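Quick mapping for you: the protein sequence lines, in order, are chains A and B. Read in order, the letters of the first sequence are residues 1 to 304 in our numbering. Read in order, the letters of the second sequence are residues 1001 to 1352 in our numbering.
Hints were generated in silico from the structure; no laboratory data involved. Since the model is a prediction, treat every value here as computed from it, not as a measurement. Any given hint could be a false lead.
[Claimed, not checked] Here chain B is said to cover these stretches of chain A; the calculated rule only asks that three of the stretch's residues, wherever they fall, bring their Cβ under 8 Å from a Cβ of chain B:
id, region
1, 35-45
2, 91-104
3, 124-134
4, 219-231
All C-beta atoms, glycine included, are put in the ideal place defined by N, C-alpha and C.
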Amino acid sequence: MSQSPYRNPLQKPSVMDRVVDIGIVVVLLLVVIVTLYPFLNVLAISFNASSDTVKGGITIFPRAFTFDNYRTIFSFGSIPQAFLISVLRTVVGTVLSLIACSMVAYVLSRKDFVFRNFLSRYLAITMYVSGGMIPFFILIRDLHLMNTFTVYILPGLVNVFFIFMIRSFIDALPYELQESAKLDGANDFTIFWRVILPLCKPVLATAALFIAVGQWNSWFDTYLFNGSNPDLTTLQFELMKILQSTQTGQDAVNGNDMARNMQQVSPESIKMAITMVTTVPILMVYPFLQRYFVAGMTLGAVKG
Amino acid sequence: MLWFEQSPQAQNGQSPPLWATLSTDLIQARPPVTGGRHMQMERTIPAEKKRKKGLLSTLSEQKYLLFMSVPFMVLVFIFSYIPIWGWTMAFQRYRPSKTFWEQEWVGFANFVKMFEDPNFYLALKNTLGMSVLGLIIGFTMPILFALLLNELRNGFFKRFVQTVSYLPHFVSWVVVSGLVYKMLSTDDGPINQLIAMFGYEKVQFMAKSEYFWFVVVLSDLWKELGWNTIIYLSAITAIDGSLYEAAKVDGANRWQLMRHVTLPGISRVIVILLVLSIGHLISIGFEKQMLLGNPLVSDASQVLDLYALKYGIGENNFSFGTAINVINSVVGLMLLFGANGFFKKRTGESVI
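Could you put the whole structure together from the sequences, leaning on the hints where they help?
And the structure:
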């Protein structure tokens, strides 16, 4: 890491080398600024008094610091409830999906399983062919999953991609572990639960991060299936409604919501505070899992 | 970007990362996870032992494995296979109140109607326009970014740049659309302030259809640049260091090392990702277009999935919406297999 492979350690860096180095650093710094600035700007506005924000000119520091915007949104109609639903779907969805995917992954990794080849093809097909949005919508409606919390959890519970990812991790574990557990009298489920699962922590952490990010960031299922049920809307969906109604001046969802939104057309600062509440929880999770996903990524990469 | 975009999982917002596009064969083919300390053990079952057992006794012996998989196979059947069966709707005049056998079959009428609708061609044009533009910009920039990062000697700065660049990947498109509107606004948006600083007229980026494709493609680049770089960086790490040594001995300079060692070293990864991107040209989804779009730019923001959504769910014309979904999937699969076939012929390797 400390030495670029391009540099010849025996040669002193030439002037040209130094110029190139500086150029690269400048370009990368620009990328950093372009990436970070929008977040910092929104953060500053969310902590700035609304009356001051309208004057404009807030960059990355709040000018008139206040917690009022956050106080307002958390005492304000649908936001606290939506926050709870978002947290709940993320936690429940991630835990259940991880259990489901790792169980199927374990079964797939067992080379003696009778339906192994069938199961593997059965799952792989769904990666290439999918019915599309309309048949899926009708299915959910016919199953009476509209306006339920279940619709956030059940359809995505079994995710073929994560199954294959966890399976290849299990494949790399030594089989003797399972054999010796079997000699000790463990059944297949016990082996999975007590031997395999604890060893799978790195890959489970990676999968958990992806599932959690997906759950937290999802808004379209709320839009399609639970949009008219204020008890089940999520934070992303509420933010979407507020942004769409103020950005386009027209309602994205339906007439009733439109009326509801117009009363709460939010000043800039409130909008930014909601954006922050929607962004920060997921950004707080990822640094803890970063070492896992970078490792997972490296392993997922094609070598050579 | 992925075939998942249309799957139930993706509608649930769980679209997997870029490397998800790598085929399962490749993922299976990767080296042992624990860094090669353990060799993979093939379980060998003596053949005669296997033959003696009947299916029933095997099933009862594997009852736990069955309990652990059958319920989930049922779920996959419900949420992945039944929607494929739903394609039959495209050939019916689907009425939700009737059973499958009572539906009226109309052959290709829905498809004919679709090919006669000028809105379809508008949606197709926008879909292809944004995906080709996205392919050109969104595909090359991560490679360039990876090459630049690889030139850095300072490990801390490199890690810092990487960590920052991943950040937007974890934020939803809802939030990104809000940020994009904020950054491009004419009142207080920094881009317009910069433009004004240089003495030019402010630009209404979000209100002009001619900018919309670029707004979508560039916000996508902003969101995914760092993330899409990971795979190239790890491919670069896997290049044998002795190749660099040999080239240096031969007197190669920095540029030549990059051109003749690094780029060929990651070309396989580039080709794989390119094939997959081509396969997904048509299935770019609708999320960005829906969130960034507004009535003023609807000429440029209408894409196939939005078109299906509008007619299918918005106007309860399920059969017509399904017909669009079907065309979308079929063309997508054809592109994927076509691109794969082409590269297979050229390089002798198959991606899928």
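Each hint tested on the structure:
Coverage of a stretch by a chain is defined here by at least three residues with a beta carbon nearer than 8 Å to that chain's beta carbons; for the region 35-45 of chain A and chain B the count is 7, and the condition holds. Check result for the region 91-104 of chain A against chain B: holds, 3 residues qualifying (beta carbon to beta carbon below 8 Å, three or more required). Only residues whose beta carbon comes within less than 8 Å of a beta carbon in chain B count, and the region 124-134 of chain A has 10; three or more means the coverage holds. Counting residues of the region 219-231 of chain A whose CB falls under 8 Å from any CB of chain B gives 4; the rule of at least 3 is met.
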